[in-house]
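**Q** Residues per chain, in single letters:
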Amino acid sequence: MAYQALYRVWRSQRFDDVVGQKAVTQTLKNAIIQNKISHAYLFTGPRGTGKTSAAKIFSKAVNCHHLVDGEPCNECETCRAITAGSCNDVIEIDAASNNGVEEIRDIREKVKYAPTQADYKVYIIDEVHMLSTGAFNALLKTLEEPPKNVIFILATTEPHKIPLTIISRTQRFDFKRISTQDIVDHLAFILNKLTLSYEDQALYVIARAAEGGMRDALSILDQGLSFCEETLTVADAMQVTGSLTYEMMDHYLSACVAQETEQGLETLETILNEGREGNRFLEDLLLYCRDLLMYQQAPNLLLNKSGQLTETFKKLAEQINPTMVYQYIKILSDAQKEIRMSTHPTIYLEVATVKLTTLSVGNSEGTSRVHPADLQEVKQLQQKIVQIEKELTQLKARQETVGTTEDSVPVTKTVAGKKKNSFRLPKERVYQVLTEATREHLIKVKEVWSDLLNMLTVTQRAMLKASEIVAASSTGMVLSFDYEILCTRATEDEELQVAVRNGLVTLIQYEPQFVCIPSEYWGGLRKEFLQQNQGEHSIAHTTVPSQEEEQKEQETPTEQVVDEAVQLFGQDFVEVRDD
Amino acid sequence: MEIVEKQPRIFRQLQKSIEHGHLAHAYLFEGARGTGKKEMALWVAKALFCQNHQGGNPCGTCNNCVRIQAEEHPDVVHIQPDGQKIKVDQIREIKDSFSKSGMETNQKVMIVEDIDKMTVNAANSLLKFIEEPDGQIVVFLLTENRAQVLPTIQSRCQILTFQTASKIGIQKQLETQGITPKVAATLSHLTNSYQQAVDIYENEWFNEAREAVNQWFGYLIKKDKLAFIFVQKTLVKAFKEKEQQQLLFDLLLLKYRDMLIAEVQVENVLKAKEAENPHYTGLQIVEIMEEILLSRQKLTSNVNFQNVCEQFSWRMLASA
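As you go down the protein sequences, you meet chains A and B in turn. The numbering of the first sequence is our numbering, which starts it at 1 and goes up by one. The numbering of the second sequence is our numbering, which starts it at 1 and goes up by one.
A couple of the hints might just be wrong.
[Unchecked claim] These stretches of chain B come out as covered by chain A in the derived footprint (C-beta under 8 Å, 3 or more residues): (1) 13-20; (2) 141-149; (3) 153-160; (4) 246-260; (5) 288-299.
[What the hints assert, rightly or not] Among chain A residues calculated to face chain B with C-beta under 7 Å, some are: (6) Arg208; (7) Gly242; (8) Thr245.
Since the hints were derived computationally from the structure, they do not count as laboratory data. In this text the structure is predicted, and so the values were computed from the model without any measurement. Virtual Cβ for every residue (Gly too), placed ideally from N, Cα, C.
Use the sequences and the hints to build the structure in full.
**A** In structure tokens, the structure reads:
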């Protein structure tokens, strides 16, 4: 007898043996116990989660006469015949090879005949997603109302390829990925049965690499066993799965963080030369990055989970800031996508490495951590502030000259006359912002403006490209637009405003109301505001009363009367009636 | 070079499996070109069929061994892509023949090359077959890119990763043959097998191709518009076969890769020297490399060669 792979030897033969699918197996068992068997089932789920096994067990269970608590006995003649695949009434069909209408017609023909040996005729159609459209449709009527004593079990890894009309005629069971812990337990169980020695941690390495597929896990274990000498060690498991050791990843990511491209590329080369597979490498790095993030937030949780952590890892976790990690993850997962399509994994990895090592630190502003590396940034910022101050004083000087040559009031009047129906200057709101405006806010917003633009959609970005922030306070900011049409649009576009506000919140925790004005009016408005602040308030109000205020005045008289009345007579005696 | 030297680890592992009778029914060999995947598969086949074993090794001279080496043994079946793809009919045929017992013994071996080039249908129809084959069957699936193999196939196989021979080793070996170091370095990146490298080198066409690529590269980095005309004038004529066309992009990729490494290593020291060529930062080079990879992908999905090259030139010329 030839050697059989572990996953064939240890194929589950009872519902309880199917690992990690309690919900599914319990439901099936109950259906059998209560004798409520449907005529068509659809088993879906990722590879190695027990679909085919469950289908076979189910076909045994419906036919077995010695059921124990819904489980087949595995000892009677029918059970054994089905296990051996020699029972004529349990028909396993490989839909991938028999995917034409012809084969389905054949099934339809034979479905009519009663079962010969067992009670039920069970058709197990595996890889059912490969059936052609014609074949699916040919199956529909049979699947809907098959003759008595016929059960169809369809199994597939790709449920999205199954027509809805098929799905609606079946009872669907989704098999979940098996958790790492469940896999480890099962592997330990098998190794104990085989009386082989192993290191616990090795099983975790295998289970992690199996990604939720029991068959994968057993294949890897098989390989590990033929590879190892006596005891299955962590090193064996790492070698077989091509996993990276923590030291390798420490080394690689340290280089990335330190921005040493050369070092990074060298490490990559050594890793690949040791026969690690590119995809596995990326996968492990992604996990490592996730661990970094987790360690920053909940160190204990991670310690419990993976046991030991290296010193470098802890140092990295303290050093790196989360935004960087997010970007690492993005670059890595992009590379992963591309590698799938290419025959040049090495080059893609090199490209990704360069990207990682040259990632600009500039994007990591706005975090609360202070590092020595930030000092340089602070210096740059200070320089910028000085520069901006200079510009501001220049602007002021220019405006003063403008103000002396032109009378500002007529300007605003013509504006009001000309633009009555197109755009109304939100003067009050501008003033409101201006009264509280501080330079710090303005600078802060300007700093992140380009980052903010990058966060917006293309159209939004285009709109804001032609604008400039001219004033900002703790509650609001003023945007000046080069073109009036854009200004009107921006004021009406709530989506844009929300996007900008959200962007600013994430960047600098700043949530302003914002006011849009065309840039041509900014000078005038600003001057007026300055005058007004110097002089009395009433002057400004009377010269250009805005519509808003007019409305307010119209509304207020009644309220004023009411207030007075309340004051005179007390709350209890006043009753307001509208005529 | 003997397969034992090339892949000592995998060799020992398989040897041990044969000794203990623990050979699995399906193996997936993955590794770059020239890493000895096929030789390894043939070696196992010989070890299974050989009539006079010599301490775990096949003799290599008996009737069976000779026939297997020549790919003529009736019970060792080879499948190769028919054109660009492995088609479902090829698989069906094989499956049919495997449902019967072997011609000479009960043992059967199937070797599928480039299984990443299977059509979806073919791959799926292989699934049930390699899950639980009847009788004594060993299936070897060979691939250069495991990521493109169906996960359901992978989970049914034992996966062995073949290590690439160190590039420096090959390079040194080539240099002893009187090949200049520069060319030797290029060759060692193009293939992982010494023999193949020599073959490529001895091909007259290769020198011509290298010359053409160098010239094109020169135009491209200077953003000279001649790069565009060069495609029509020289490249289309020089690179006729599909494989050659892909080699063009491989060579170009190497050029940029060298540039990238130079950029990274001598960032400060050789600034002055680079001034004569337009300077590219690491990130820019990386962008260009991605562009090349994209072009190569287009080529594999049957976009016209001239179009791909011309588009690439324009992209390079237009890039900032």
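**Q** Give a verdict on every hint.
**A** Tested hints:
Requiring three or more residues with a Cβ within less than 8 Å of a Cβ of chain A, the coverage given for the segment 13-20 of chain B holds, as 4 such residues are present. Residue count for the segment 141-149 of chain B with a Cβ under 8 Å from a Cβ of chain A: 5. That meets the three needed, and the coverage hint holds. Under the rule that three or more residues need a Cβ within less than 8 Å of chain A, the assignment of the segment 153-160 of chain B holds, with 7 such residues. Counting residues of the segment 246-260 of chain B whose C-beta lies closer than 8 Å to any C-beta of chain A gives 3; at least three are required, and the coverage claim holds.
Only when three residues or more bring their CB closer than 8 Å to a CB of chain A does the claim for the segment 288-299 of chain B stand; here the count is 5, and the claim holds. Against a cut-off of 7 Å between C-beta atoms, the interface hint on A:Arg208 is violated, since the closest Cβ of chain B lies about 15 Å away. Hint status for A:Gly242 relative to chain B: holds, with the closest Cβ pair at about 6 Å, below 7 Å. For A:Thr245, the interface hint is violated, the least distance from its beta-carbon to any beta-carbon of chain B being 16 Å, above 7 Å.
Violation of the numbered hints given earlier is confined to hints 6, 8; the remaining hints are satisfied by the structure.
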